[in-house]
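Engineer: Going by numbering that gives the first Met the number 0, the letters in the sequence shown line up with residues 0 to 346, in that order.
Bear in mind the hints are in silico, worked out from the structure with no lab data behind them. For each residue, glycine too, the CB sits at the ideal point set by N, CA and C. Careful, some of the hints might be misleading.
Unchecked claim - No farther apart than 25 Å at their CA atoms in a straight line, the calculated lysine-lysine pairs in the DSS-like style are these: (1) K86 with K120; (2) K323 with K311; (3) K27 with K39; (4) K27 with K195; (5) K296 with K312; (6) K311 with K324; (7) K11 with K86; (8) K11 with K120; (9) K195 with K149; (10) K52 with K27; (11) K324 with K85; (12) K309 with K296; (13) K141 with K154; (14) K27 with K199; (15) K323 with K85; (16) K154 with K195.
Unchecked claim - What follows is a set of in silico ranges between Cβ atoms, one per label pair, in the way DEER data are often shown: (17) S188 with P326: 25 to 35 Å; (18) V65 with I45: 22 to 32 Å; (19) K309 with E12: 33 to 43 Å; (20) E42 with D207: 15 to 25 Å; (21) A161 with D82: 35 to 45 Å; (22) L139 with P326: 39 to 49 Å; (23) A211 with E308: 23 to 33 Å.
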Amino acid sequence: MLRIPAQSPYAKEANVLVSGLQAYFVSKLNAVALEYGEGKSCEAVIWGRDGGKHGGGSRYEARDEVVFNRGSVNVSQVHYDDDKTKKLGSATAISTIIHPHNPHAPSMHMHISWTQMRDGKGYWRIMADLNPSLIGESDLDKRIFSSTLKEATGKHYEEGAAQGNRYFDIPVLGRTRGVSHYYLEGYNSGDFQADKAFAKEVGESVIDTYIAIISAKLASHPNFTSEKKEEQLAYHTLYLFQVLTLDRGTTSGLLVHDQNDVGIMGSIPSHVNRDILSTWQELMPKPQDELVTALLKALPKENPTPVDEKTKKALANAVRKHYKKHPEALSMQASGEIVPPTVDNHS
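With the sequences and hints as input, model every part of the structure.
Structural biologist: Right, dumping it as structure tokens:
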């Protein structure tokens with residue numbers, strides 16, 4: 000599929016950056032699959048926005064099920080070079096989530112993006128968070144991941160860590176998604192090249208550290224019990240809950256267009272526990288209780304509850320329908336100190 004790229008020089012440079020990070024991470028994941036699994040490489044899936052007229056993207060999906068429960072490394076660039084009515088010029092991003100099959104190995108999410116407005120002004124968003132299923136054995140991994148973030152982000156660490164802790168909070172459950180968080184929103188020092196180098200440093204450092212963490216876990220815990228898998232299933236349920244009821248990036252992507260639902264929902268683990276999810280419905284404030292009801296309706300009835308491609312689309316439609324019916328509920332989603340006007344930018 001022919002995808003027309005954004006014409007902005009900054010957008011072009013940002014695309015080279017995120018594409019390079021994608022290739023780097025995929026090569027590392029393939030090496031882990033070769034070492035600890037069946038050696039099945041990640042597989043590329045291409046999509047186009049409006050048939051490629053307004054860009055699109057590629058995602059590499061993990062295929063080695065011995066090592067990965069689910070994994071996706073997405074790069075996208077959407078632009079409106081031919082539509083002067085849009086506030087947004089272009090948005091270029093890498094967004095990745097890896098869920099290992101082994102419950103002893105933690106999941107990880109990372110997002111780095113450059114958003115450029117029609118007037119040429121732009122900003123970076125940098126996110127990274129470590130998500131262990133087995134919280135009781137996560138202290139060392141938390142220290143390692145947090146230390147990496149602190150070293151890579153330097154003077155921006157305290158701000159990003161504070162915003163990350165706020166963004167990934169789940170108020171109704173009294174806990175956060177993940178144990179180490181970083182979220183820097185709307186960042187622009189005035190020096191694009193320096194900021195790009197900063198984003199690259201954070202991305203590569205997070206990738207290297209995460210690969211080291213899961214490699215160590217897979218080497219030291221080649222086997223696991225059914226009880227540990229149950230803990231993982233419960234955590235994967237919490238992950239789905241946070242992503243589909245609180246994550247502003249996921250919701251914004253679904254509201255802007257419906258041309259990459261499966262890719263946007265690439266962060267969802269392969270199975271969850273619908274019985275656990277159902278117990279959280281009554282904890283939700285109105286109208287978010289309706290959203291959880293809709294999610295339960297979209298999920299298969301069995302337990303463990305599979306989340307296949309058909310189910311991903313059903314979940315995406317449930318989220319989209321809910322916020323079109325209750326646009327005021329968008330204010331109840333997660334945020335740091337800065338709330339990006341993503342949906343408004345695309346209008």
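Engineer: Could you run down the list of hints and mark each one as holding or not?
Structural biologist: A quick look at each hint next to the structure:
1. Under the criterion of a C-alpha separation no larger than 25 Å, the hint pairing K86 with K120 is consistent with the structure, at around 11 Å.
2. A hinted pair counts as satisfied when its Cα atoms are at most 25 Å apart, and K323 with K311 qualifies at roughly 18 Å.
3. Between K27 and K39, the direct Cα distance comes to roughly 13 Å. Compliance with the 25 Å bound is thereby established for this hinted pair.
4. A C-alpha spacing of about 22 Å is found between K27 and K195, which places the hinted pair at or below 25 Å, so the restraint holds.
5. About 13 Å separates the Cα atoms of K296 and K312, which keeps this hinted pair within 25 Å; it holds.
6. About 20 Å separates the Cα atoms of K311 and K324, which keeps this hinted pair within 25 Å; it holds.
7. This hinted pair checks out: K11 and K86 have alpha carbons roughly 19 Å apart, not beyond 25 Å.
8. For a cut-off of 25 Å, the pair hint linking K11 to K120 stands: about 15 Å separates their Cα positions.
9. Between K195 and K149 the alpha-carbon distance is near 18 Å, which keeps this suggested pair within the 25 Å criterion.
10. In summary, the hint linking K52 to K27 is not supported, as the alpha carbons are separated by about 32 Å, beyond the 25 Å threshold.
11. With a C-alpha separation of about 24 Å, the suggested pairing of K324 with K85 holds against the 25 Å cut-off.
12. Restraint check for K309 and K296: satisfied, since their Cα atoms lie roughly 13 Å apart, inside the 25 Å limit.
13. Between K141 and K154 the alpha-carbon distance is near 20 Å, which keeps this suggested pair within the 25 Å criterion.
14. For the suggested pair K27 and K199, the alpha carbons sit about 16 Å apart, so the restraint of at most 25 Å is met.
15. A threshold of 25 Å between alpha carbons decides the hint, and for K323 with K85 the separation of about 20 Å falls inside it, so the pair holds.
16. Note on K154 and K195: the hinted pairing holds, with a Cα-Cα distance of about 16 Å set against a maximum of 25 Å.
17. For the pair S188 and P326, the supplied restraint of 25 to 35 Å holds, since their beta-carbon distance comes to about 34 Å.
18. Separation of V65 from I45 is about 26 Å and conforms to the stated range, judged on CB atoms against 22 to 32 Å.
19. Here the CB-CB span from K309 to E12 is close to 38 Å, well matched to the stated 33 to 43 Å.
20. The hinted range of 15 to 25 Å is satisfied by E42 and D207, whose Cβ atoms lie roughly 23 Å apart.
21. Against the hinted window of 35 to 45 Å, the Cβ-Cβ separation of A161 and D82 comes to about 37 Å, which satisfies the hint.
22. Checking the proposed 39 to 49 Å range against L139 and P326 shows it holds: the Cβ atoms sit about 43 Å from each other.
23. Judged by the Cβ atoms, the range 23 to 33 Å given for A211 and E308 holds: they are separated by roughly 32 Å.
Hint 10 from the earlier list is the only one contradicted by this structure; the remaining hints agree with it.
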